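> Given chain R, put chain E in place with the hints provided.
Here's the letter readout for the chains.
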Amino acid sequence: MNTFVDTIPPIEVHDLTVAYHHLPVLWDIDVTFPQGKLIAIVGPNGAGKSTLLKAVMGLIPLASGYVRFYGKSSTKGAYNVAYVPQRGSVDWDFPTTAYDVVLMGRYGQLSLFGRPRRRDREIALDALNKVGMESYANRQISQLSGGQQQRVFLARALAQQTSVYLMDEPFAGVDAATERAIVTLLQDLRERGATVVAVHHDLQTVPEYFDDVLLLNLRAVAYGPVSEVFTSENLQKTYGGRLPMLTEVAEKLRRKEWSRRDETD
Amino acid sequence: MRLISISLYDMIEMLPAASAAMPDWLRFFTFQSPNVVYVLLGCMALGAGSGLIGCFSFLRKRSLIGDALAHAALPGVCMVFLLTGTKNPWVILAGASIACWVGALSIDAIVRYTRCKEDSALGMVLSVYFGLGILLLTYIQQRGDAAQSGLDNFLFGQAAAMVPRDVRVISLVSLLLIVAVVLAYKELKLMTFDPEYARAIGMPVRLLEVFLATLLVLAVAIGLQAVGVVLMAALLVTPAATARFWTHRLSIMLLLAALFGAMSGFIGAYVSYLGPKMPTGPWMVIAVTFVFLVSLLLAPQRGLLARWLRISRYRRKTLHENVLRTLYLLGEPDKDWQQLYSIDAMMKRRTFIPNTLAGVLSRLKKGGFVQEPVGGQFRLTESGILRAARLTRLHRLWEIYLTKKLELPSDHVHADAEEVEHIITPAMEVELAATLDYPEEDPHRKVVPAPVATAESSEDSQS
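Those protein sequence lines, which keep their order, are chains R and E.
All residue numbers for the first sequence refer to my numbering, where the first residue is 1 and numbers rise by one.
All residue numbers for the second sequence refer to my numbering, where the first residue is 1001 and numbers rise by one.
Each hint should be verified, as a subset may be incorrect.
Stated by the list, open to error - Restricting the straight-line Cα-Cα distance to at most 20 Å, the calculated cross-link-like pairs of lysine to any residue (SDA-like) are: (1) K1366/E with L1402/E; (2) K1186/E with N80/R; (3) K1186/E with I60/R.
Stated by the list, open to error - Covered stretches of chain R (in silico footprint by chain E; criterion: 3 or more residues with CB under 8 Å from a CB of chain E, positions within the stretch not fixed): (4) 113 to 122; (5) 232 to 239.
Calculated directly from the structure, the hints in this document are not laboratory data.
Note that the structure is predicted; figures quoted are calculated from it, not measured.
Glycine is no exception: its CB is placed at the ideal position from the N, C-alpha and C atoms.
The shape of chain R in the complex, shown without the other chains (with noise of 0.2 Å):
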């Protein structure tokens, strides 16, 4: 017990629950992401993967529960946390170039109306370099293969120059090539000590490419390490086979638009 003062866990999750119109989607999650780990978050469609990422990065009104970052509670913007979105989620004919969007990973440490400095240049052509696109620096960003603009993603996380990094899915869709350079991309961080949380989608390499593993399905099925944690037993359980009174309840509660707790939504 005499680490307990040096072991604050990065992320905390507390009795998480989120709801859509009423309609629960993770129940009651409890989870504490140790320093220093590459975490995959593991799960069917529709099991709540990306609803618990953008829960814990606070996008998303939770019903119940709260999220800490080394202890400390998460409101917007109050801890550094690294953000990787989907790729899909924005429009990438946007007039920008792959820079630009890197240099946005700075603005999080700028005042309101601050202008990026020399500083902030030097770390998002030094984020372009660590995945490898510095060549295509001054690229228009639709121009970019899915795969660079994944790694543009990347890069732009990495400019936040933080340890704690929530990835939405960053392997989907990308080419051999950005899928090697991502997962030097994320032992590098590990091995600064960062926290790595990633939503994973390819179940043949969660053993390769990562430490712990979260399996995920409405309510968390079981976490920890991946040697002990991703047994067939539990992969059964996180996707064999719906739950049908959970849904079933969830639908009644929908019906009836009973709020299972006070929602400011």
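Frame of chain R; chain E shown alone:
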């Protein structure tokens, strides 16, 4: 109050005698009447300000919101006139802004609390508020009050009816819009590109939404006098859409949109000067739409002409390469490419339109890929053989790739390879050969030609 009905045209009489001898269309450019300059500046400032703000609505794919807000402004204008009896531009601006905000909040409320989507909400708010505005306008006009004359200018705009006080308000607010966009450039940019990420890194996105909406409301409100509620939307959308043709940078796009907006303001004011009964709004819209059409046609990369050129260049390249490959295939059985082939012989190997084929051959001859030692008899030159061999290599590599990696039957792969042979880059060629372990025969047991070491012909590099 009679002052308002003085048009630019009437002001000509105030000009010095020398310039009075000039025709109207020329005298305008002497800029001697301070009032002409005033109105001109007002219209240009308005065009620039609304063009600038319109870029953000355009990029957020919410262009129509400006239209709904402009229509929603009319009842506000009428209401403050009924209440105060003046057409003081500050009062009008306040009335229009309040009505715009109420309109915006109505749209928001409809989307939030009903099953209606945003497009229906926009449609409803636009027509209901506009209808209400017309009702009030009719009521005011029937009262027969002298002060109300010119209130209907708010429908289509009448730049000539503007007095210096109006122009001052327009210019001031436009300047404010420009300063606001320059100041909050970074925030507006990120919020437009990726609002979710903006919130994730702690930007006050809700606040910025209100900020941007306020700018939009102001842009609409100052446009009412010169352009009118009906056509204001065009001044928000069209400059942005036009600017997007010419650049890949947001900063330049903003600059261009402001410029196009100012240009249309200039033209609108000019026409209003020449024909004092002409409403300004339609002319500004026509001017900016003309620039849009020119851009649509001529813009590099995004323009129709550029796209058409790209497609026809690619078609021509494909055709040339098909002819080269036909000659190559004819000579392949005997490994002898010195033989001569007539157009008929080539047509037997592959279907071409005879005239087209003749044209292609003469161009290939000029390019040094084909010789015609005897009239009507052709063969490949040294560089022609190299290029055709490479195409054949790519064609066959791709067939192997499809049969081996995708396990497609070998009689299904030819058509696909016909397309792909024209687009594979040297880097892809190297990778393809490596993945397939440097094969020597294709699925049809034909030899894969060895890699061609020479540099790519310029035509092959990215098109």
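> If a hint holds in the structure, say so; if it doesn't, say that too.
Status of each hint after checking the structure:
no.	hint	in the structure
1	K1366/E with L1402/E	violated (36 Å)
2	K1186/E with N80/R	holds (19 Å)
3	K1186/E with I60/R	violated (24 Å)
4	113 to 122	holds (count 4)
5	232 to 239	violated (count 0)
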